[in-house]
Amino acid sequence: MFEDLRNLYQDTIMQRGKSPKHGSRLAVFDAQAKGDNPMCGDRVHVFLRHEGGRVAELGFEARGCAISIASADLMAEAVAGQSDARALEIADAVFAMVRTGDITDPSLDLLRPLAAVSEAKSRIKCATLPWGALQSALAGSGAEKGSVEA
Amino acid sequence: MNALIKPAFDVARIRQDFPILGEKIRGKDLVFLDSAASAQKPRVVIDAMVHAMERQYANVHRGLHWMSERTTEAYEEVRDALAGLLNAPDRSHIVITHSSTEAMNLVAHSYGRGILKPGQAVVISAMEHHANLVPWQMLRDAHGIELRIAPITDAGELDMAGYEALLQDRKVGLVSITHMSNVLGTYTPAERIVQLAHRYGAKAMLDGSQAVVHRAVDVQALDVDFYAITGHKLYGPTGIGALYAKRELLDAMPPWMGGGDMIRSVSFEVTTWNDAPYKFEAGTPAILEGIGLKAAIDYVQGIGFEAIAAHERQLTEHALSCLAEIDGVTVIGHAQDRGGVVSFTMDGAHAHDVATLLDRQGVAVRAGHHCAEPLMRRLGVDSTSRASFGIYSTMEEVDALAAALVRIREFFR
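If you read the sequences in order, they're chains A and B. Sequential numbering from 91 applies to the first sequence in my numbering. Sequential numbering from 149 applies to the second sequence in my numbering.
Some hints could be false.
Unchecked claim - 30 Å max Cα-Cα, derived DSSO-like pairs, lysine-lysine:
(1) B:Lys172 - B:Lys265
(2) A:Lys211 - A:Lys124
(3) A:Lys108 - A:Lys211
(4) A:Lys108 - A:Lys215
(5) A:Lys111 - A:Lys215
(6) A:Lys124 - A:Lys108
(7) B:Lys265 - A:Lys215
(8) B:Lys265 - A:Lys211
(9) A:Lys215 - B:Lys172
(10) A:Lys111 - A:Lys211
(11) B:Lys176 - B:Lys265
(12) B:Lys176 - A:Lys211
To be verified - Incomplete in silico selection of chain B near chain A, CB under 7 Å:
(13) Thr301
(14) Thr504
(15) Gly516
(16) Asp530
Stated by the list, open to error - Computed Cβ-Cβ distance ranges for the label pairs, DEER-style:
(17) A:Leu198 - B:Ala551: 30 to 40 Å
(18) A:Met129 - B:Gly450: 47 to 57 Å
(19) B:Ala551 - A:Leu200: 34 to 44 Å
(20) A:Leu198 - B:Phe157: 48 to 58 Å
(21) B:Glu544 - A:Ser114: 38 to 48 Å
(22) B:Val192 - A:Glu151: 46 to 56 Å
Calculated directly from the structure, the hints in this document are not laboratory data. None of the values given here were measured: they were computed from a predicted structure. Cβ coordinates follow ideal geometry from the N, Cα and C atoms, glycine included.
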């Protein structure tokens, strides 16, 4: 009954947008960055912890729409266990996917629910907001360490 | 059209004047509820601009040839039309700008830096568009002006006692407040705002970007010192707006942009200014847009603001009662006196998602902070969805909005 709505808002987007699995600040992190969309007021703060030269964990705090939160949540899983270089490649693939509507790397099928934003031009920036923050965090990786007091 | 004999308001007939309303969106009829962002254009506006480009166009105010003289004449008619629209005494009170944003920036620069003294204060309200906030912050930082924010009530009305309290030390040189909120739809008590400003020795400006679209405005009755409007919300083209100002203020104020049109004579040593209003108009103006706006003003005046206001009141009341019935939808702003703008939130759904899901059903609304971030914070929301009505909006479109919202609510459950 919601076929006209579901193309963009697939179950994955709806569920993760409502209840993200990684939507919290990491207690210990070694890289972080904020992203915002000044035109709409959405904000995301991404936290990374590395182990053995790889991203061990990603958490985020966000204020935004289902698409931006789902995108951040999927990002957390897509980059976990990856090197920084690979994480940046994945980010590039996402920036390409939201424009072309397709993702060529089969290992990134997890991110495919975001592809439909290519047909909603005004929402592309929602999907890419956390990925831009990830790029910033990795560019300054290790520079800003921090921890949250319990 | 004889202005005295107005045909009965007939929305079906009005809709035929707007070619774009026949467009389909994703196979559905366009339900355009975003006129407060920018209104659609009637055929007469489109035709006036096309006619100018095809038959009668040259630069204005400087050519000595037939085309320039005729174009100047056609362009200057918008100044008379604007004076008529606002009931200004005559065209010399009307500075043509590119937008209401530019009109307010003009006052912030020219009156703000030229007349206000460091240490004086400017009062705005907590429900201003960024265009009536940021220029004053820039003035504050550049010129040592204190910026004071008049509070609003939880209903989204100006807190008049709070406003008056800000004036009482007589340090306020200028008050600049919206005449109608672009987010809440609130009409502010303009006459009272101006009276109080004057009582405490301040000048008053009203941001009429929204108000002028929906009701007759009489700057002389309001006794307001400055009134800013824009053309594109008034069914005219983008890129043109105006500032009404009292003549003695325009005469006292220094120019703010240099260039052609605003000068009387120029040498390398000294330049003398043209008279107001031209003193404030530098460079080739928006000629085609002026011609288009003149047609738009004639068009709305042909319909009449009494009929427009009545139509929009009906739509707004219907929208408020429809939205009140939808579980989980909350209308933001409950002013007694309001125009055709309704902001709302939906529990568990971000305004952008609501707007996108409405769009999927053919309904166009605005969502976000509406260029009023401090207001959003005051209201305790990140963003809202906003439906806004124009002369072509229908009760059926309000029903379509409500039905689409019910579906979205179910979808998000």
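Output the numbers, in ascending order, of every earlier hint that fails for this structure.
1, 7, 8, 11, 13, 18
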